[in-house]
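Using the sequences and the hints, build the whole thing.
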Amino acid sequence: MVPTIESEAQLRALLTSLSGVDAVGAEARVAKLSTRSIKKSTKLAAIEMAISMVDLTTLEGADTPGRVTSLCTKAMRPDPRDLTVPSVAAVCVYPDLVAHARSVLGSSPVAVASVATSFPSGRASLQVKLMDVREALSAGADEIDMVIDRGAFLSGRIGQVFDEVVAVKEACGDAHLKVILETGELVTYDNVRRASWIAMLGGADFIKTSTGKVTVNATLPVALVMLEAVRDFAETAGPTVGVKVAGGIRTTKDAIRYLVLVNETVGSTWLTPNLFRFGASSLLNDLLMQRLKQQRGAYVRADEFSVD
Amino acid sequence: MSDRPLANSQLGSLEYDPAPESAAIAKLKPSYGLFIDGQFSEAESDAQFATVNPANEEALSMVAQASALDVDRAVVSARRAYDKVWSKTTGAQRSKYLFRIARLIQERSRELAVVETLDNGKPIRESRDVDIPLAAAHFFYYAGWADKLDHAGFGVNPKPLGVAGQIIPWNFPLLMAAWKLAPALAAGNTCVLKPAETTPLSALVLAEILEQAELPPGVVNIVTGDGSTGAALVEHPDVDKIAFTGSTEVGRMIQQRTAASHKHLTLELGGKGANIVFDDAPIDEMIEGIIDGIFFNQGHVCCAGSRLLVQESVADEVLRRLVRRVEQLRVGDPLDKNTDVGAINSAAQLLRIRELTDFGESEGATRYTSSCELPQKGYWFAPTVFADVSQSHRIAREEIFGPVLSVLTFRTPEEAVAKANNTNYGLACGVWSEKGSRTLWVAERLRAGVIWANTYNRFDPTSPFGGMRESGFGREGGRHGLEAYLNV
Amino acid sequence: MSEARLDVRKTYKLLINGAFPRSESGRSYEVTSAKGAFLANVAQGSRKDLRDAVTAARGAQVKWWNSTAYNRGQVIYRLAEMAESRRDELAEHVALCEGVNARTSQKTVSASIDRMVWYAGWTDKIAQVLGGTNPVAGPFFNFSIPVPSGVVGVVCVQESSLEGFVDAVLAPLCVGNTVVALASERRPTPAVLLGEMTSSSDFPAGVLNIVTGPSDELASVLASHEDVDGLDLSGVTSVDADGLAALGASSIKRVYRPHEMESDSSLRRLRAFVETSTVWHTIGQ
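Residue numbers (my numbering), protein chains in the order written: chain A, 1 to 308; chain B, 1 to 488; chain C, 1 to 285.
Simulated from the structure, these hints should not be mistaken for lab results. Heads up, a few of these hints could be off.
[To be verified] Derived BS3-like pairs (lysine-lysine); straight-line CA-CA distance at most 30 angstroms:
hint, chain 1, residue 1, chain 2, residue 2
1, B, 159, A, 39
2, B, 96, B, 84
3, B, 148, B, 96
4, A, 40, B, 377
5, C, 48, C, 63
6, A, 43, A, 32
7, A, 213, A, 169
8, B, 377, A, 43
9, B, 159, B, 148
10, A, 293, A, 43
11, B, 88, B, 29
12, B, 27, A, 40
13, C, 35, C, 10
14, B, 435, C, 35
15, A, 43, B, 337
16, B, 96, A, 253
17, B, 148, C, 125
18, B, 337, A, 32
19, A, 293, A, 32
20, A, 32, B, 435
21, B, 419, C, 48
22, B, 337, B, 27
23, B, 159, C, 125
24, A, 169, A, 39
25, B, 377, A, 32
26, B, 27, B, 88
27, C, 125, C, 107
28, B, 84, B, 148
29, B, 159, A, 40
30, C, 10, C, 107
31, B, 27, A, 32
32, C, 35, B, 419
33, B, 435, C, 125
34, B, 27, B, 84
35, B, 419, B, 435
36, A, 39, B, 435
37, B, 337, A, 39
38, B, 96, A, 293
All of these numbers come straight from a predicted model, not from anything done at the bench.
What follows is the structure, given as structure tokens:
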């Protein structure tokens with residue numbers, strides 16, 4: 001079971017007991033896995049799997065109800081001509097657009113995810129962050145994507161990072177909590193591993209790489225380290241936690257590399273939208289294009305699919 | 001949370017469809033002659049033998065069996081080329097020939113990769129990503145030395161040795177040819193290369209490349225054949241240098257036979273490398289490193305990390321993760337781009353691996369064998385790990401040269417070093433720890449020519465490679481590699 | 001009238017593991033000067049003495065190598081100091097053994113001592129000359145260092161009783177090997193004297209071992225001893241060397257045979273018994 005964390009010292013001891021990550025080895029491992037050749041029926045299955053794992057995302061200052069409507073429509077029926085294409089896992093929006101998204105999605109299986117806790121910087125008081133979460137929930141969000149306090153983490157106040165995750169988890173109640181580590185700001189793989197454990201010990205249902213708002217977003221080696229963390233956590237400490245990779249994943253080739261990484265690091269248990277997600281927007285159209293190409297055996301026009 | 005189920009939660013695993021590289025890319029010919037004096041010719045006796053694809057036991061091509069007469073023709077040609085042409089060719093000119101060869105290898109890399117995989121049984125991923133690029137890199141590296149020998153640290157105007165006889169093994173056929181030829185030619189020697197009996201094909205494609213590079217006839221001669229061909233080369237009185245890579249047993253014989261001659265000698269022989277794992281090792285990368293250390297190239301690697309020495313306090317955890325990882329290895333068709341472990345190179349090698357592993361079981365070690373399905377035809381051996389191995393077990397002392405790992409434990413760094421050094425070999429070792437000071441302490445004490453810290457089985461043309469003690473002498477790679485071909 | 005004082009003669013013994021035993025066989029052999037006059041009964045080393053010497057050398061090797069290069073230089077320089085202070089005695093023996101005049105023998109001693117100083121200076125430079133970092137194509141720090149082969153057996157040249165001995169013995173020592181030396185069979189006393197000086201030169205026990213006795217017999221023991229890593233065959237004829245080199249092959253020994261054109265400044269001797277050890281380490285945050 002998950003050890004109950006009662007003090008920062010105890011948390012620190014636990015984190016220091018984690019193995020280090022050798023950057024060269026981790027990068028070599030993903031480079032090798034990236035050469036996996038995924039063809040034919042495997043490719044088609046992987047594409048459909050990836051579609052079902054997409055958190056279709058819009059997180060812009062210029063977001064409007066109109067844009068969210070168009071996104072939700074696409075989320076429910078990615079390819080209106082082919083209803084065998086699965087719907088995506090969720091749409092992901094700012095809290096003020098949750099209610100609108102909820103109303104468009106209605107009773108569809110597509111979930112509403114909302115970023116909260118003063119996304120993307122997280123630079124606000126805990127009260128403000130919790131208020132943010134509660135508003136998103138009361139507007140109908142199924143999933144909350146929170147950010148950790150990277151400043152606190154980097155200055156060694158890991159107890160504070162942990163407490164915030166615990167507080168947000170409590171505020172979430174039954175809603176799924178995804179904890180964004182913002183790995184591009186944590187920089188080292190050792191930090192990624194430790195932050196993953198803080199999030200999981202604090203009650204995260206998912207750990208997520210990035211906000212998509214900094215220079216470095218999801219990378220394969222970071223995903224590898226996080227997948228190793230959820231695997232080890234499930235084996236030794238507690239529940240099965242999901243992983244969400246977000247930011248910069250635009251092509252089918254990228255998505256398949258992540259799926260191969262999941263397949264060969266944690267195994268097929270994680271190859272479900274319950275436990276693996278892509279936070280993305282333009283990825284979906286490429287997946288649809290490649291799917292059609294697989295079926296037709298010829299390359300297709302980009303304009304085959306809607307620009308949302 | 002709402003009671004809405006998450007979408008499509010039933011989606012499951014990812015089985016990879018076969019992704020085979022086309023064998024036709026190899027463009028193999030039905031038969032190959034000997035490459036002597038810039039031309040392919042039949043053996044004097046017309047004798048030939050079949051080279052076989054170890055993955056399915058089908059014959060790939062017929063190659064010539066060179067006799068002592070043929071070897072003599074090759075040596076005569078090499079001597080003539082040395083006297084008349086190569087010793088008068090400037091370093092700058094030699095350099096440009098080597099650059100050409102390097103480029104041509106790159107240009108024909110896909111073909112060479114397929115040839116190598118067909119003839120050797122190694123996964124196409126390895127021949128494509130390791131063997132062939134490194135072979136080209138080796139020629140590139142030594143190309144640059146040919147006109148800079150004055151600066152290599154052996155005094156001004158160092159002289160070549162003359163005619164070099166080079167005998168290479170079957171585990172990295174083209175790469176070993178590159179390791180031998182590139183420094184020899186850069187230093188100004190001419191060569192007679194004898195590829196391994198079971199893997200002659202990539203060297204014969206290399207011969208075509210040498211033709212395309214317009215290397216003067218006789219500068220490199222390639223004679224295929226069995227052990228008797230190699231012996232003829234070793235015994236030939238007009239050979240100035242023997243460079244051999246292979247077993248310690250044969251190396252010892254060659255050293256004995258050349259002792260009473262003027263021949264210079266370098267030997268790169270067997271090993272029983274220890275991979276030492278401390279309790280603070282980066283565990284995930286370390287598991288990958290152990291896997292690379294012993295299952296790379298089916299364990300047909302002289303520097304393989306075939307003895308795993310684990311700190312006792314983490315032994316159970318390491319073994320658990322290791323066995324789990326071994327189960328994941330994809331064993332099968334070497335031409336499939338997703339294959340991790342290919343075929344054993346020959347029936348004879350398979351027999352030896354079986355003998356030693358059977359012995360391991362009878363000695364009381366605990367055996368874990370991958371449950372992977374093995375193809376019906378061809379020579380195959382499932383990845384295997386032996387736990388509870390003692391220092392005195394045969395599987396801890398003898399080179400198995402196959403996908404078989406022996407796991408032993410230690411308690412202190414001193415004990416780890418003592419156990420690692422407790423062998424007549426001294427080729428390579430690995431050290432896994434996040435503590436730099438201890439890693440260097442261990443590295444300083446290991447009797448091995450190559451020490452990999454937090455990595456394993458890495459090679460580079462700039463990095464000297466070679467053994468201590470019964471793993472041989474002389475270095476290949478780097479500035480050091482020139483010494484083997486200079487009279488200094 | 002007083003009687004002429006009867007001088008006290010020295011027993012010439014072996015040097016094994018820092019001690020000066022007589023041969024375990026109890027035997028000795030007569031060594032004469034170049035002119036045929038009786039010089040000494042020198043200990044006749046046996047196979048067992050040689051075995052003990054190899055054991056001693058093996059036991060001392062790791063410690064000698066793990067001492068600093070600076071320290072090894074100091075020890076060898078100290079030997080030069082000792083030799084300088086006893087140079088007349090050395091010169092007298094060189095003159096007797098080699099049958100040369102006093103002036104020549106003094107020159108030989110000077111050259112030998114200068115050679116010691118040369119080697120003393122090499123101990124902490126050879127790694128920079130033979131080693132270095134290698135620019136591999138990847139995120140690795142990669143360096144090569146010369147490390148000693150281990151235990152080196154030296155069959156010293158027969159003619160040059162002091163200078164030849166110094167070269168053959170100090171080259172492997174200076175790079176961290178330990179040595180079992182077979183001194184010149186007919187001219188052993190300068191080597192024995194130098195051995196005595198090591199005991200006042202901070203040489204750790206076992207680092208240099210000197211055995212006197214029949215070269216032919218002892219050389220083959222040394223060549224076939226599997227715990228000897230390197231073999232210097234300077235002191236045997238070419239024909240004998242072929243056979244000894246073949247014996248050495250049974251344990252893949254490194255074999256040094258002098259080069260016809262080798263100059264004093266050549267590093268060939270220094271390179272003969274070093275191994276290149278290459279270390280790779282990952283570079284990452």
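Checked hints:
Simply put, residue 159/B and residue 39/A have alpha-carbon atoms about 55 angstroms apart, too far for the 30 angstroms limit, and the pair is violated. As the CA atoms of residue 96/B and residue 84/B are separated by approximately 19 angstroms, the hinted pair is consistent with the 30 angstroms bound. Proximity of residue 148/B to residue 96/B is assessed by CA-CA distance (about 13 angstroms); at most 30 angstroms being required, the pair is judged to hold. The hinted pair formed by residue 40/A and residue 377/B meets the criterion: a straight-line CA distance of about 26 angstroms does not exceed 30 angstroms.
The suggested pairing of residue 48/C with residue 63/C holds, with an alpha-carbon distance near 24 angstroms, which does not exceed 30 angstroms. Simply put, residue 43/A and residue 32/A have alpha-carbon atoms about 18 angstroms apart, close enough for the 30 angstroms limit, and the pair holds. About 23 angstroms separates the Cα atoms of residue 213/A and residue 169/A, which keeps this hinted pair within 30 angstroms; it holds. Restraint check: the Cα-Cα separation between residue 377/B and residue 43/A comes to about 29 angstroms, which is no more than 30 angstroms; the hinted pair holds.
With a C-alpha separation of about 13 angstroms, the suggested pairing of residue 159/B with residue 148/B holds against the 30 angstroms cut-off. Of the supplied pair hints, the one linking residue 293/A and residue 43/A holds, its CA atoms being roughly 11 angstroms apart against a limit of 30 angstroms. About 35 angstroms separates the Cα atoms of residue 88/B and residue 29/B, which puts this hinted pair outside 30 angstroms; it is violated. As the CA atoms of residue 27/B and residue 40/A are separated by approximately 26 angstroms, the hinted pair is consistent with the 30 angstroms bound.
The suggested pairing of residue 35/C with residue 10/C holds, with an alpha-carbon distance near 20 angstroms, which does not exceed 30 angstroms. Between residue 435/B and residue 35/C the alpha-carbon distance is near 65 angstroms, which puts this suggested pair outside the 30 angstroms criterion. With a C-alpha separation of about 15 angstroms, the suggested pair residue 43/A and residue 337/B falls inside the 30 angstroms cut-off, and the hint holds. Restraint check for residue 96/B and residue 253/A: not satisfied, since their Cα atoms lie roughly 40 angstroms apart, outside the 30 angstroms limit.
At roughly 23 angstroms between alpha-carbon atoms, residue 148/B and residue 125/C fall within 30 angstroms of each other, so this suggested pair holds. A threshold of 30 angstroms between alpha carbons decides the hint, and for residue 337/B with residue 32/A the separation of about 11 angstroms falls inside it, so the pair holds. Taken as a hint, the residue 293/A and residue 32/A pair is honoured in the structure, with Cα atoms around 26 angstroms apart against an allowance of 30 angstroms. For the suggested pair residue 32/A and residue 435/B, the alpha carbons sit about 26 angstroms apart, so the restraint of at most 30 angstroms is met.
Of the pairs offered as hints, the one joining residue 419/B and residue 48/C holds, with about 28 angstroms between alpha carbons and a cut-off of 30 angstroms not exceeded. Taking the CA atoms of residue 337/B and residue 27/B, the gap is about 19 angstroms. The hint holds against a cut of 30 angstroms. Distance check on the hinted pair: residue 159/B and residue 125/C sit about 25 angstroms apart at the alpha-carbon level, within 30 angstroms; holds. Annotation: proposed proximity of residue 169/A to residue 39/A is violated, straight-line Cα distance about 41 angstroms (limit 30 angstroms).
A C-alpha spacing of about 28 angstroms is found between residue 377/B and residue 32/A, which places the hinted pair at or below 30 angstroms, so the restraint holds. With a CA separation close to 36 angstroms, the supplied pair residue 27/B and residue 88/B exceeds the 30 angstroms bound. Our distance criterion of 30 angstroms between C-alpha atoms is met by residue 125/C and residue 107/C, whose separation comes to about 28 angstroms. The hinted pair formed by residue 84/B and residue 148/B meets the criterion: a straight-line CA distance of about 22 angstroms does not exceed 30 angstroms.
With a C-alpha separation of about 58 angstroms, the suggested pair residue 159/B and residue 40/A falls outside the 30 angstroms cut-off, and the hint is violated. Restraint check for residue 10/C and residue 107/C: satisfied, since their Cα atoms lie roughly 25 angstroms apart, inside the 30 angstroms limit. Proximity of residue 27/B to residue 32/A is assessed by CA-CA distance (about 28 angstroms); at most 30 angstroms being required, the pair is judged to hold. For the hint linking residue 35/C to residue 419/B, the alpha-carbon distance of about 55 angstroms lies beyond 30 angstroms, and the restraint is violated.
The straight-line distance between the Cα atoms of residue 435/B and residue 125/C is roughly 28 angstroms, inside the 30 angstroms bound, and the hint therefore holds. Of the pairs offered as hints, the one joining residue 27/B and residue 84/B is violated, with about 35 angstroms between alpha carbons and a cut-off of 30 angstroms exceeded. For the hint pairing residue 419/B with residue 435/B, the CA-to-CA distance comes to about 20 angstroms; that is within 30 angstroms, so the pair holds. Restraint check for residue 39/A and residue 435/B: not satisfied, since their Cα atoms lie roughly 43 angstroms apart, outside the 30 angstroms limit.
Of the supplied pair hints, the one linking residue 337/B and residue 39/A holds, its CA atoms being roughly 11 angstroms apart against a limit of 30 angstroms. With a C-alpha separation of about 46 angstroms, the suggested pair residue 96/B and residue 293/A falls outside the 30 angstroms cut-off, and the hint is violated.
Hint check: violations occur at hints 1, 11, 14, 16, 24, 26, 29, 32, 34, 36, 38; the rest are consistent with the structure.
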